[in-house]
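All chains should be built: construct the whole structure from the sequences, respecting the hints.
2 protein chains.
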Amino acid sequence: MYLPSHHEEKDLRVLHALIQTHPLGAWVTLDDDGFTANHIPFILDASRGQHGTLRAHVARANPVWQTINVAAASLVIFQGSQTYITPNWYPTKQLNGKVVPTWNYTVVHAHGKAKIIHDREWLLQTITDLTKQHESGRPAPWKVSDAPAEFIDRLVSAIVGIEIPITHIVGKWKVSQDEAMADRLGTAEALAKLGDANSLAMSGLVSSRVD
Amino acid sequence: MYLPSHHEEKDLRVLHALIQTHPLGAWVTLDDDGFTANHIPFILDASRGQHGTLRAHVARANPVWQTINVAAASLVIFQGSQTYITPNWYPTKQLNGKVVPTWNYTVVHAHGKAKIIHDREWLLQTITDLTKQHESGRPAPWKVSDAPAEFIDRLVSAIVGIEIPITHIVGKWKVSQDEAMADRLGTAEALAKLGDANSLAMSGLVSSRVD
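Chains as they are written, first to last, in my numbering: chain A, 181 to 391; chain B, 181 to 391.
Any given hint might turn out to be false.
Since the list gives no way to pick one copy over another, a pair counts as held whenever it fits inside one copy or between any two copies.
Stated by the list, open to error - Calculated lysine-lysine pairs in the BS3-like style (CA-CA distance at most 30 Å, straight line):
id: 1; residue 1: K295; residue 2: K352
id: 2; residue 1: K312; residue 2: K373
id: 3; residue 1: K273; residue 2: K373
id: 4; residue 1: K352; residue 2: K312
id: 5; residue 1: K293; residue 2: K312
id: 6; residue 1: K273; residue 2: K352
id: 7; residue 1: K190; residue 2: K312
id: 8; residue 1: K352; residue 2: K278
id: 9; residue 1: K293; residue 2: K373
id: 10; residue 1: K295; residue 2: K312
id: 11; residue 1: K293; residue 2: K352
id: 12; residue 1: K323; residue 2: K352
id: 13; residue 1: K273; residue 2: K295
id: 14; residue 1: K295; residue 2: K373
id: 15; residue 1: K323; residue 2: K373
id: 16; residue 1: K273; residue 2: K293
id: 17; residue 1: K273; residue 2: K312
id: 18; residue 1: K278; residue 2: K312
id: 19; residue 1: K190; residue 2: K323
id: 20; residue 1: K278; residue 2: K293
id: 21; residue 1: K295; residue 2: K190
id: 22; residue 1: K323; residue 2: K273
id: 23; residue 1: K323; residue 2: K278
Don't read these hints as lab results, they were simulated from the structure.
This one's a predicted model, so the numbers in the text were calculated from it and none came from an experiment.
So, in structure tokens, the structure goes:
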């Protein structure tokens, strides 16, 4: 990924937080035919390994666990907030007109060799942990043990585990850092006025780089 | 991508519509070191070629246009709505407990060999078309001609064009089709109640497959 230094987010805690709030990853794997991309929710063990470890599962019917070249690093793309930025939000437009549109986004690329896992205990633990992450905070959180044991047992037979110890991780926070300060403030304000969750999130991201 | 038939969206107009409403693509390219992913907004010429043609531009400073293996197909991933689905929304949970969480999402994979373009007219046309797409419908749409010509001229020198005639396109609409009808209706209703834009979009997608 092209990553100018002013767009690089280096704080591992910030990168991990994006993975945790946007867990549906695009998992790109090398195979004999080139590469393949699958979309699966990941859980992050933030403190396992130097950069954290990702866990997930795919359907056993998904050929990826057989076709993947496990000797090569795979890539998981986690996409955060993103939105079009109109130059109409820039005071510089009135000043001299030297402005153009852009697109803001945050994204994490996590690289590492994937291990394919068939161990039933590991699989049960992973679906339990995924459930805990997504059910916590909900009214009456659903638990894996709410389902009949033999039903879960059958499902575990139908999935295959993926574990990726992250060996390299980068974050691109393209959130107006290369614009004039007045234009950054104008962007943050205009996005805040739009008021929807995505615009508010991007407004906060733009503001967080204003100092 | 693993694509069970009940999750496949085959209507090219529906796939094109997702690209147009979610234009920030993850462009995955093969190179000597494996693959690279960059995130850029694409414009779709829906009627050029059998499956449409994608256009975009990258910074000239982005090495991708020099490192890409143009003889190999690249992939552009367009991600639509996506959300966690709790089994608490399923009436089947009360009936027999045989339910588990899942993740719903819509995604388009567009494959094709990328051409690298340096022609200034093409570049100017592409930024003009991108602008039109994103500014139309806004109050006082910004136009490329609003900026000084020499300023735009300098920017055009700093970008490189990408054109991808789509040779293969698939859509995965994982929107509860494999759940019991009552659970699909329960999911659509619960998402509608949440009321945010993303949940409403997914509620509509789940409902659209109920027949």
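Taking the hints in turn, this is what the structure says about them:
no. : hint        : verdict
1   : K295 - K352 : both (26 Å within a copy, 25 Å between copies)
2   : K312 - K373 : between (35 Å within a copy, 23 Å between copies)
3   : K273 - K373 : within (19 Å within a copy, 41 Å between copies)
4   : K352 - K312 : both (29 Å within a copy, 27 Å between copies)
5   : K293 - K312 : within (26 Å within a copy, 42 Å between copies)
6   : K273 - K352 : within (26 Å within a copy, 41 Å between copies)
7   : K190 - K312 : within (28 Å within a copy, 35 Å between copies)
8   : K352 - K278 : within (25 Å within a copy, 41 Å between copies)
9   : K293 - K373 : neither (43 Å within a copy, 41 Å between copies)
10  : K295 - K312 : within (23 Å within a copy, 46 Å between copies)
11  : K293 - K352 : both (21 Å within a copy, 26 Å between copies)
12  : K323 - K352 : between (35 Å within a copy, 28 Å between copies)
13  : K273 - K295 : neither (52 Å within a copy, 33 Å between copies)
14  : K295 - K373 : neither (46 Å within a copy, 40 Å between copies)
15  : K323 - K373 : between (39 Å within a copy, 23 Å between copies)
16  : K273 - K293 : neither (47 Å within a copy, 37 Å between copies)
17  : K273 - K312 : between (48 Å within a copy, 18 Å between copies)
18  : K278 - K312 : between (50 Å within a copy, 18 Å between copies)
19  : K190 - K323 : neither (35 Å within a copy, 36 Å between copies)
20  : K278 - K293 : neither (45 Å within a copy, 34 Å between copies)
21  : K295 - K190 : within (26 Å within a copy, 33 Å between copies)
22  : K323 - K273 : between (54 Å within a copy, 11 Å between copies)
23  : K323 - K278 : between (56 Å within a copy, 12 Å between copies)
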